[in-house]
Amino acid sequence: MHGNLEAMPAISAHLVTKIFGAGPGSITALDSVSIDIQRNEFFTLLGPSGCGKTTLLRLIAGFDHPTSGRIDLEGSDISYLPPFKRPVNTVFQSYALFPHMSVAENIGFGLKMLGKSGAEIDAEVDAMLKLVKMEAMRDRSTAQISGGQQQRVALARALAPKPKVLLLDEPLSALDLKLRKEMQIELKRLQHETGITFVFVTHDQEEALTMSDRIAVMSAGKVLQVGSPRDIYDRPSRRFVADFIGETNFMDVELVSIAKDAGRKASLKLASGKQISASLPEGEMALGRVTAVVRPEHASLTNPKASSVLSGTLKTVVYFGTDTHYHVELTTGGTFTVRMQNARGQAGEFSEGDKVGVDIDAGATQVLRD
Amino acid sequence: MTDTAAPSQQSSTSGADAGVAARKSDVRNRWLLASPALTVIFFAALGPLLIMLVYSFLQKGSYGGIVWSFSLDGWFNVFLKRDIFDDTLGFADGHLSIFWRSLKLSFGTTVFALLLGFPTAYYIATRPANLRPVFLFLITIPFWTNLLIRTFAIMEVIRNEGVVNTLLMSLGVISSPIQMLFTDFAIMLGMVYVYLPLMVLPLYASMERLDFRLVEAGYDLYATRLGVLRRIIVPMVKPGIIAGSILVFVPSLGAYVTPRVLGGGKNMMLGNLIELQFGQGRNWPLGAALSITLLVIVMVALLFYVRNASKSGVKSHG
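Protein chains in written order, with the numbering used here: chain A, 1 to 370; chain B, 1001 to 1318.
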């Protein structure tokens, strides 16, 4: 509890490991995870099912306790505190609204358990109903409202006690697409208005990219990369991250040189023998065989020319409305996807079977750690 | 309506008449289909009750049985008695105290069965799914043994020279045996033991359906363990509590074997009193009237309980 409280992260996990069961049948759900989640941040844990993101959330909530390591809330150890002693609230995937209580009773439950007076609870419940735009539903039973409305009640219920951290366990997964888009915006607004740290769990990469201040990509119990949506998308450091988020072209290349200056630009030799420059992930990299990635929208098709870094035959052209995807079979083997925006009346410039060249935008090539 | 009786001969039967005929045979079919159930209900439930009701309004025979002439003596004797010396009327306080004891012991049995059954059912419901049938199996094992034998077993445990007293005396905790057998305590102990599974099973059934994410939500919203129990688990498993309580209370009120064996004849309950009238008492009309009274008590108690329980279920928690 010493030091500058403002600079203290809201949640700080140090080498947290969680093992379920014992002996040969045990499952390591989290493997030495360390993460700092800053105050007032919209932080997302992103990963496929079984990656440990929900386990981490449950450890922060207090429903489970770490096998080893510790979790701090604003600098004090909460690893073994029961959930009812943590200023942390959860929005459950299934909402988990109390069916024997009205909407207002659900929202007021936490405040009531904290020993607040009836008048205080009423005032806070009204404020929360207003915040989630559910004023008219105050005395409804939870069975009488729609899924989207239940979602709002679950949010209001978790926000009413003014927690330091709000945990959201895939809260939008049960909603249909239109409602989900609405709630994404709504969640951002709520986070902004309340100033509460949100920790959001999802397997939906698009949801993560559009909503988060920072994202932690998880796989098999480990955190692979933490960064802003732009970092994660443009500068993936691992094969899994590059593959899981968006579409990517993977290229086997040779790392031939690394600039000594702060920019640490690297020079790559492609299979064709051409050299391009690329960005390196953080940490030491050895020269030799590496994998590099290029997003399809960071490359463009040209007519065959000597200066093109890649060349090949256009195999398929898929029209998507706003853009068109071109799958090119490279002369050096493998395929490369290029995505180009469609301008009016520009259609039919390239067609299947054409010999084409591929240009890669400057600074668009990223070297992976693995 | 006459032509509907033989519709096949009247090829020109109007549409309306055909409809009436179809409806009539439909009604007939429905009664036919319901008849097995109705037969069972009449012979197994309503019939015996009617016999009891009729007997309670007849004169008693000198050597048991009844004499077929109308009399209110049976009902009179339920609540009142005539002094054998001076013929003055008084309340049948013997009967009333037995009614009162029966209600008291049955209520106590229900409360203790609930206190013991609730944690048991909760424990079973929170075990891994593959272990639960094992526990349920263990709960039902006592049912395989005759009630009388189980009751005598309890007698063996609590009598003055029984297991408990011997053990306590050899440990020097007590110097003379505690009288447990032939007390209200013994009756209640016996009934809790016998009827506990009837409490555990319905409680388990409703706890198994309990969404434990709601329990987590309760903890998350600052409810302590006691708070979660009181405000989330109990309201959610209320149907099981009601069903279990009814299943324990009703047979306790009419219990016969347990009070007979463990009460030693001096601590009678309603079941024993009724048996007495049909046996040594040779007063069938009184026995019948007492049985009907027991039935009414049970029904009133149930109505009261169910109404109260459902009221508190929708009661505002805010």
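Don't read these hints as lab results, they were simulated from the structure. Just so it is clear, CB atoms sit at the ideal spot from N, CA and C, and this is done for glycine as well. Take these hints with a grain of salt, some might be off.
[Claimed, not checked] One side only, chain B facing chain A, incomplete, derived with CB under 8 Å: (1) D1073; (2) A1223; (3) L1229; (4) I1232.
[To be verified] Sample of chain B residues with no beta-carbon within 12 Å of chain A, all distances over it, derived: (5) A1022; (6) L1138; (7) L1201; (8) R1213; (9) L1221; (10) T1224; (11) V1234; (12) N1267.
- [ ] Against chain A, does V1234/B hold up as non-interface, every C-beta pair farther apart than 12 Å?
- [x] 10 Å, violated
Task: Per-residue hint verdict: D1073/B, partner chain A, C-beta under 8 Å - done: Hint on D1073/B: violated, closest Cβ of chain A at ~52 Å, above 8 Å.
Task: Distance rule for L1138/B, whose beta carbon must clear each one in chain A by more than 12 Å - done: 25 Å, holds
Task: Status of L1201/B, Cβ more than 12 Å from any chain A Cβ - done: Non-interface label stands for L1201/B: nearest chain A Cβ at 23 Å, farther than 12 Å.
Open item on the list: Does L1221/B clear chain A by more than 12 Å, comparing its Cβ with all Cβ atoms of that chain?
Closed with: Nearest chain A Cβ is 4 Å from L1221/B, so the label is violated.
Open item on the list: At 12 Å, judged by beta carbons, does T1224/B keep clear of chain A as stated?
Closed with: 6 Å, violated
Task: Evaluation of the interface hint that places A1223/B against chain A, nearest CB under 8 Å - done: 5 Å, holds
- [ ] Classify the hint on L1229/B as holds or violated, based on whether any CB of chain A lies nearer than 8 Å to its CB.
- [x] Nearest chain A Cβ about 13 Å off; hint violated.
Task: Nearest-CB test (12 Å) between chain A and N1267/B - done: 41 Å, holds
Task: Non-interface claim for R1213/B versus chain A (Cβ beyond 12 Å) - done: It is violated; R1213/B is separated from chain A by about 4 Å at its closest Cβ, not greater than 12 Å.
Task: Interface hint for I1232/B, Cβ within 8 Å of any Cβ on chain A - done: 6 Å, holds
TODO: Decide, holds or violated, for the assertion that all CB atoms of chain A are farther than 12 Å from the CB of A1022/B.
DONE: 41 Å, holds
In this structure, the hints that do not hold are numbers 1, 3, 8, 9, 10 and 11, in rising order.
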